[in-house]
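Residue numbers (this note's numbering), protein chains in the order written: chain G, 1 to 586; chain Y, 1 to 586.
All clues stand as given, with none of them false.
Just so you know, same-sequence chains aren't split out, so a pair can sit in one copy or run between any two.
Mimicking EDC-like on lysine to aspartate or glutamate, the simulated pairs with C-alpha atoms at most 16 angstroms apart in a straight line are:
| no. | residue 1 | residue 2 |
| --- | --- | --- |
| 1 | K83 | E249 |
| 2 | K413 | E94 |
| 3 | K413 | E88 |
These are calculated hints, taken from the structure and not from any lab test.
Number of protein chains: 2
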Amino acid sequence: MRRSVIGGAKRTTTTCLFLLNHAHHRSLLPPLHHRLDSSSSSSSSSATALLLLLRRLSSSSAASSPSPPNMPNPVSVQSINPKVLKCEYAVRGEIVILAQRLQEELKAKPGSLPFDEILYCNIGNPQSLGQLPITFFREVLALCDHPAILDKAEAQGLFRFTISNALSDSCLSYASADSIKRARQILDQIPGRATGAYSHSQGIKGLRDTITAGIEARDGFPANPNDLFLTDGASPAVHMMMQLLIGSEKDGLLCPIPQYPLYSASIALHGGSLVPYYLDEETGWGLEVSELKKQLKEARSKGITVKALVVINPGNPTGQVLAEENQRAIVEFCKQEGLVLLADEVYQENVYVPEKKFHSFKKVARSMGYGDNDLCLVSFQSVSKGYHGECGKRGGYMEVTGFSPEVREQIYKLASVNLCSNISGQILASLVMSPPKAFILSLSLSLFVNDFLLKVGDESYESYSAEKDGILKSLARRAKTLEDAFKSLEGITCNKAEGAMYLFPCIKLPEKAIKAAEAAKTAPDLFYCRRLLNATGVVVVPGSGFGQVPGTWHFRCTILPQEDKIPAIVSRLTAFHKSFMDEYRN
Amino acid sequence: MRRSVIGGAKRTTTTCLFLLNHAHHRSLLPPLHHRLDSSSSSSSSSATALLLLLRRLSSSSAASSPSPPNMPNPVSVQSINPKVLKCEYAVRGEIVILAQRLQEELKAKPGSLPFDEILYCNIGNPQSLGQLPITFFREVLALCDHPAILDKAEAQGLFRFTISNALSDSCLSYASADSIKRARQILDQIPGRATGAYSHSQGIKGLRDTITAGIEARDGFPANPNDLFLTDGASPAVHMMMQLLIGSEKDGLLCPIPQYPLYSASIALHGGSLVPYYLDEETGWGLEVSELKKQLKEARSKGITVKALVVINPGNPTGQVLAEENQRAIVEFCKQEGLVLLADEVYQENVYVPEKKFHSFKKVARSMGYGDNDLCLVSFQSVSKGYHGECGKRGGYMEVTGFSPEVREQIYKLASVNLCSNISGQILASLVMSPPKAFILSLSLSLFVNDFLLKVGDESYESYSAEKDGILKSLARRAKTLEDAFKSLEGITCNKAEGAMYLFPCIKLPEKAIKAAEAAKTAPDLFYCRRLLNATGVVVVPGSGFGQVPGTWHFRCTILPQEDKIPAIVSRLTAFHKSFMDEYRN
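Could you build the full structure based on these sequences and the hints that come with them?
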């Protein structure tokens, strides 16, 4: 079976001497010969390189070796799980693959395309576009990754340590390096301080306690650490609930259209039925309970058992923030119809308009008097969104309330099969839900101390707060600039991004453009987005990836490029759109 | 709908003043009154605490509120996905839940149990039992988490920086603080140095390049970064392949018995059929191809389409390391029968006996002359095992070779639905596959320099190597001590742990014990393990969680407790076993 070329190559290595490659370090020694020691790792050695080269050359012959006559083809597109084939995920789909190709082209041949960089507006990935992480969060994470730092005297030199003008010991204690303190607290919450151990499958208990306190502070209603399941971002949590709820194609979930395609993808993967309800673009992507009722009735008439309602608030891709009154009606609907309410609340920190405020569905339900036994409610949260945008850390949680102990046990089992989520992500989830705090002292305090002490709090509070506000205010400005730009274009209407990270403009495409798309066997919105990308390097996702009222065309554009890039995006978009319309205007 | 108690509570908060709680910081100021500022986070404030207390009191009434008459119960054990109910995962099952309860009891009432601590021998989680992380890995991770450290002069003071007695610039460059250098390299591999951004769904390209080089160095055969999918530990990778391969219960996978229950759990969750093949305990858990052929034939005769063969090498829970000849026969079998070979190789660094060596299945297949097009092969690797045992970091990868481009596209889609794996885990996977290196210079080198320079390499190499060897040698000693202890017990036989992290002793239970278990409606091995836990605090997993030849009884015991605990475990186990046998001997 052994091929002689390979056998020969093997013999070569074990006997011959190779030149030590000194190219990477300035050596005063003359070039030396060395023997490859079999006990040492050898990835960079010339010996391995030569052997690999020989094997690469031989691999083409191996690859073309005739298969035994009766070998069945083990895996083909026809033989894999058909649910996988059905699943689609546009956020990383065709347009993005094209963008990556163009980026490689630009790198290989600069100047070969009509633009000099790709501007990724396809995905809510702030740090990939230059947003910096929140310093406090990263300080704590680094300390937890390598606790030995904490025990070194230098630690305080490394992390910022500014003792403010303080009046007393009390104030001094406020002014200590709180990232160090927080890291110590977190390590003390982890059994054995072992950040490298699997945790409880729901996440480290102490961190869940911290998150619980954060939820209580946010909502003003009790929360329970046993209701929390910490996960590698919100996506695995959504999959877990889909896996739990969907037994067959007869099990349906009410999902908004447009929706974040994680939902359609996950429902397809688990073999369920997506029961669409349409958000009303006319009323700023309003969620009408009458529409929910209509779609539920229709689905039931088809024999679908509708298990749950998915609500994304603030909306993705639509950017609307639900009014509390609207949320009450939704809660009432789920309660009456016996539906699980799956509340995607990952954009809870991303609200940009003063007239709207985020309310968690749990808070709304509890304020209506509905307790834990009245409603099955799952709230998804992630460290990837908000002002911090820590997508790469894969942290998040779901708060699961209202399920029977028996069903909860099944959810726990699902969590335990993957052992636990990553500990850095767990730590970050706890930080996001309990960031540095300010305690505003006023009234009687002002009798005792000077004005400059009115605001005391965690040492990091000021810088943390400046970083947070800077990002959120900038996002609001970017949302407004892009919205205005879209609205100024012929045939484009665009709702406000009240929250989240996206605009979802509607394009009235000319008949001629639709015909051209049909001729190219492409959906008209994909046709537009592809043309836009090829002309400008701007990457947006066609509306068909999210769902839209048939016959309407949209695209999703993030508000995430840094502010200095926005003017270029606007001018490129504007110029492209004009020429596109000139080409296809009826 | 609003309950009056709750409404009342709400009114209270917005108007009343609360005492500032100074318990946590030494204050020189007299107790002050402060107003809860609505813009500040308030988790720790008395205002929220009081409100929450009121709401906790009221929640009992809310919980008992009568449901609307026609509300269907949205989720019950009867209505959830039946595949979830079917799935079992013993490693975190009944025994572990009992252990956690006993631990709480010990905490609440020290001295109330016949032991003073729980000794978790149920799961391969080294750092939870006191194993320390490898310093070099954690230094690099901390630097990548907070790159600002790199730019501070103090960084070199913080991380160890020993300039060895060096002869030349060349040696000086070797002696630089390589964790800093490595962190810089890694950051340069990440687009925009953004460790907080979603990466490519297969993982950061530069890190995949590093891992590729590591695989090539290990195997001596070419690897391809495009074949790698970086994942949050090996478990999600296994799930991804199960999702791909299993379309219905007619799709089967050949799995070893005993097996790591991730496989049975994942096959159950995805609705496929586990086709068992038995490892031969008599020959040290030998894997016989004749057994594979027999079981394949039988499954096919039942109409099962067998898609893949799962092999765990080194074995879990069985600890055997396959001989290369055996691996060749397995490759040949998969090739002939058109099966995907799913190779669980997460224990590749854990081999404890000089007569055995780990060979990856890819190396074996390539050395047989089989190229990329000849065999569908997936190799799973994890950062959780090896000498590092970084379970909490959730890093790992699968190397996917031999699939058609169309099927590969589907695997990519599955990866992309969850966006990407966590970046710290990705970084760690690259470190594990390219740890600090020594370059052994000899022959002509010895003509030029003194003996003490014969070994030069990355600065961390010596300490890294000492940490690694210390752990692996200790594991080997622990494995031997426990094996000998088990073998000395009446009615217990135990194969050697050649590799991995487990022993899987066989207990010949007396008839009387089996009857007692039956009377308690418990599997006999679970009965034994529960009695062991209640008597000694030692947690092991019953063999029935892994599968075993019917009528035989086993348990899995990790070799991971620190060495100073091993004598206590041995003496407790021995005393328990003696008294158990005395109680039930025929």
